[in-house]
Amino acid sequence: MAFKIIEGCVNCWACAPLCPSQAIVAAKPHFLIDARQCTECEGEYADPQCASICPIEGVILDGLGVPVNPPGSLTGIPPERLAAARAEIRAR
Amino acid sequence: MLELKVQTQGGCASSGCGGSADRLAHLPEAIRAKVNNHPCFSEDAHHHYARMHVAVAPACNIQCHYCNRKYDCANESRPGVVSELLTSDQAVKKVLAVAATIPQMTVLGIAGPGDPLANPERTLETFRQLAEKAPDIRLCVSTNGLALPDLVDELCQYNIEHVTITINCVDPDVGANIYPWIFWNNRRIKGRKAAEILIQRQQEGLEKLVARGVLVKVNSVLIPGVNDTHLQEVSRVVKAKGAFLHNVMPLIAEPEHGTFYGLMGQRGPTSAELTALQDACAGDMAMMRHCRQCRADAVGMLGEDRGQEFTLDKIEHLEIDYDAAMQRRAEVQAEIEAKRAAQRQPTGATLVSLDTLKRQLPQKTEPRPVLMAVATTGGGVIDQHFGHAREFLIYEASAQDVRFIGVRKVDLYCTGTDTCGEAETRLEQTIRALDGCEVVLCARIGYEPWGRLEAAGIAPNGEHALEPIEDAIAAVYRELLDAGRLAPVAAEPERLSA
Numbered sequence: 001m002a003f004k005i006i007e008g009c010v011n012c013w014a015c016a017p018l019c020p021s022q023a024i025v026a027a028k029p030h031f032l033i034d035a036r037q038c039t040e041c042e043g044e045y046a047d048p049q050c051a052s053i054c055p056i057e058g059v060i061l062d063g064l065g066v067p068v069n070p071p072g073s074l075t076g077i078p079p080e081r082l083a084a085a086r087a088e089i090r091a092r
Numbered sequence: 001m002l003e004l005k006v007q008t009q010g011g012c013a014s015s016g017c018g019g020s021a022d023r024l025a026h027l028p029e030a031i032r033a034k035v036n037n038h039p040c041f042s043e044d045a046h047h048h049y050a051r052m053h054v055a056v057a058p059a060c061n062i063q064c065h066y067c068n069r070k071y072d073c074a075n076e077s078r079p080g081v082v083s084e085l086l087t088s089d090q091a092v093k094k095v096l097a098v099a100a101t102i103p104q105m106t107v108l109g110i111a112g113p114g115d116p117l118a119n120p121e122r123t124l125e126t127f128r129q130l131a132e133k134a135p136d137i138r139l140c141v142s143t144n145g146l147a148l149p150d151l152v153d154e155l156c157q158y159n160i161e162h163v164t165i166t167i168n169c170v171d172p173d174v175g176a177n178i179y180p181w182i183f184w185n186n187r188r189i190k191g192r193k194a195a196e197i198l199i200q201r202q203q204e205g206l207e208k209l210v211a212r213g214v215l216v217k218v219n220s221v222l223i224p225g226v227n228d229t230h231l232q233e234v235s236r237v238v239k240a241k242g243a244f245l246h247n248v249m250p251l252i253a254e255p256e257h258g259t260f261y262g263l264m265g266q267r268g269p270t271s272a273e274l275t276a277l278q279d280a281c282a283g284d285m286a287m288m289r290h291c292r293q294c295r296a297d298a299v300g301m302l303g304e305d306r307g308q309e310f311t312l313d314k315i316e317h318l319e320i321d322y323d324a325a326m327q328r329r330a331e332v333q334a335e336i337e338a339k340r341a342a343q344r345q346p347t348g349a350t351l352v353s354l355d356t357l358k359r360q361l362p363q364k365t366e367p368r369p370v371l372m373a374v375a376t377t378g379g380g381v382i383d384q385h386f387g388h389a390r391e392f393l394i395y396e397a398s399a400q401d402v403r404f405i406g407v408r409k410v411d412l413y414c415t416g417t418d419t420c421g422e423a424e425t426r427l428e429q430t431i432r433a434l435d436g437c438e439v440v441l442c443a444r445i446g447y448e449p450w451g452r453l454e455a456a457g458i459a460p461n462g463e464h465a466l467e468p469i470e471d472a473i474a475a476v477y478r479e480l481l482d483a484g485r486l487a488p489v490a491a492e493p494e495r496l497s498a
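Residue numbers (full-length UniProt numbering), protein chains in the order written: chain A, 1 to 92; chain B, 1 to 498.
Hint data in this document are derived by calculation from the structure and do not stem from the laboratory. Think of the CB as a built atom: it goes at the ideal place given N, C-alpha and C, for glycine as much as any other residue. Hints may be right or wrong, so weigh each one.
[Stated by the list, open to error] Beta-carbon label-pair distances, calculated as ranges:
hint: 1; chain 1: B; residue 1: 377; chain 2: A; residue 2: 83; range: 56 to 64 Å
hint: 2; chain 1: B; residue 1: 323; chain 2: A; residue 2: 62; range: 49 to 57 Å
hint: 3; chain 1: B; residue 1: 400; chain 2: A; residue 2: 83; range: 49 to 57 Å
hint: 4; chain 1: B; residue 1: 276; chain 2: A; residue 2: 72; range: 32 to 40 Å
hint: 5; chain 1: A; residue 1: 62; chain 2: B; residue 2: 425; range: 47 to 55 Å
hint: 6; chain 1: B; residue 1: 328; chain 2: A; residue 2: 92; range: 23 to 31 Å
hint: 7; chain 1: B; residue 1: 70; chain 2: A; residue 2: 35; range: 21 to 29 Å
hint: 8; chain 1: A; residue 1: 32; chain 2: B; residue 2: 314; range: 24 to 32 Å
hint: 9; chain 1: B; residue 1: 240; chain 2: A; residue 2: 63; range: 49 to 57 Å
Take the sequences, apply the hints, and build the full model.
As structure tokens, then:
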């Protein structure tokens, strides 16, 4: 099993130096996780390191494809508030 | 530990002898020598010297409710926003290119766009190379403080003169409403516990730096309803621990920034609220009212950004003679110091002795103070066309002195003008930014804005073009006084009924 970085990653480098398996690649347009290297930090840390420092919700998926940091979990912004604000800004 | 004789504030605090530069007059001599040509720390120096930030530090180890890590817009001028991330080598090249082109440059700071000390290799490598290749440039770093205590020794190794710690609270209950999480000891920690650790680390870092003789400035973001009543306590605590400056900055929060505060309707402070808090803290320590809340890749004088002249593609093939550039900086900066010394001398007819004014009038019927705005490109003189000004320096003239209050930007936010559809015009924005001011001093001004300003109750004044700012303000204040326009503020109702 391996984690995955998807579109939305802002390439902030926070995760890369923390990975105990050097599985994170500074790819373009965004960083990627080498699935062959990733151990999900099993046996290394209690929490997966990349997903524990990543500031962007929804861009790291676990082995089952589920976002480790779902919408609202990091910023505290309720997803419905975010959606409403985006709609307001678009309507201007 | 810094053991220096502290000068008491002398009788030199009014405009004639250095003006607002003397806000730092209470500092020990050795510290004043270090900040004399630092545009961020010395209000007077910011008229003359340039600084730059290099964006080498993208990662962050905490989340703040006023920050959105996704944001990057070239039209934005908020802290933490950058256009181009640099490696340490690229950053060093850029610094040397800028310092060769802008000889007024005295300071290089690393301020992000993440937390510089959460990226210690990139940050420290940049400092290491610069300490070697451009030893005349002062090096600064800013940080949220979480990683600071462990890096103090290394920072000292590279001659870092100034460290800025952003401290928004010293109470974890307040912090829990500012910081949703921190990354600490390989875990993401949330809530009050996160704030408690962060505060402890910030205070420990502050103490260690002061013990090593490094100058520490504390930045605080004023968040109405969250830490506004708490910041005086922050000021007291950090001063007691040896911070030499406290910079209270206004929260910038708009929904389009995508930050927690912006989206949840948290407002920023008004100019009046900011000034009131800075005044309340000023009794405790020197405040920094000319702060422009620069981008993490800003280049040039404060208030200007010449970053576009020094993009990677433009500097890549530059050949720079480091020694010649350093020599030229030394010459230009010596000229600036001579000019500053001359400006501190009374300049003749325009200078009004405010002490005289004060003595003529009994204390109780003192003329009321007046806020005046100034359009300037720097150099301490009124030299900018009203229509070109993107920011105004705000001064308060009173019977006592001419006091620098702060900076008001016309377009601090990307308001969508030009490119993103309908928005208020620049002139409307400017007039709104000048709220509370009665006079605006500029080099020149057009016919239409003249009329619109007058209609808004702000008197345009182009008669003091190219004069030193504080002398001109004192002269205008004197004219208002002579014209009988400065009647004391009406007595309070209680007194009338008593």
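Quick rundown of the hints versus the structure:
For the hinted restraint 56 to 64 Å between residue 377 of chain B and residue 83 of chain A, the CB-CB distance of approximately 44 Å leaves it violated. The beta-carbon spacing between residue 323 of chain B and residue 62 of chain A, approximately 56 Å, falls within the hinted interval of 49 to 57 Å. Take residue 400 of chain B and residue 83 of chain A: their Cβ atoms lie about 54 Å apart, and the range 49 to 57 Å holds. The supplied range of 32 to 40 Å is met by residue 276 of chain B and residue 72 of chain A, whose beta-carbon atoms lie about 35 Å from each other.
Remark: the range hint 47 to 55 Å for residue 62 of chain A to residue 425 of chain B is upheld by a beta-carbon distance near 51 Å. At about 49 Å, the beta-carbon gap between residue 328 of chain B and residue 92 of chain A misses the expected band of 23 to 31 Å. Look at residue 70 of chain B against residue 35 of chain A: about 25 Å separates their beta carbons, and that is inside 21 to 29 Å. Checked against the hint of 24 to 32 Å, the pair residue 32 of chain A and residue 314 of chain B passes, with Cβ atoms roughly 31 Å apart.
A C-beta distance of roughly 51 Å is found between residue 240 of chain B and residue 63 of chain A, which places it inside the suggested range of 49 to 57 Å.
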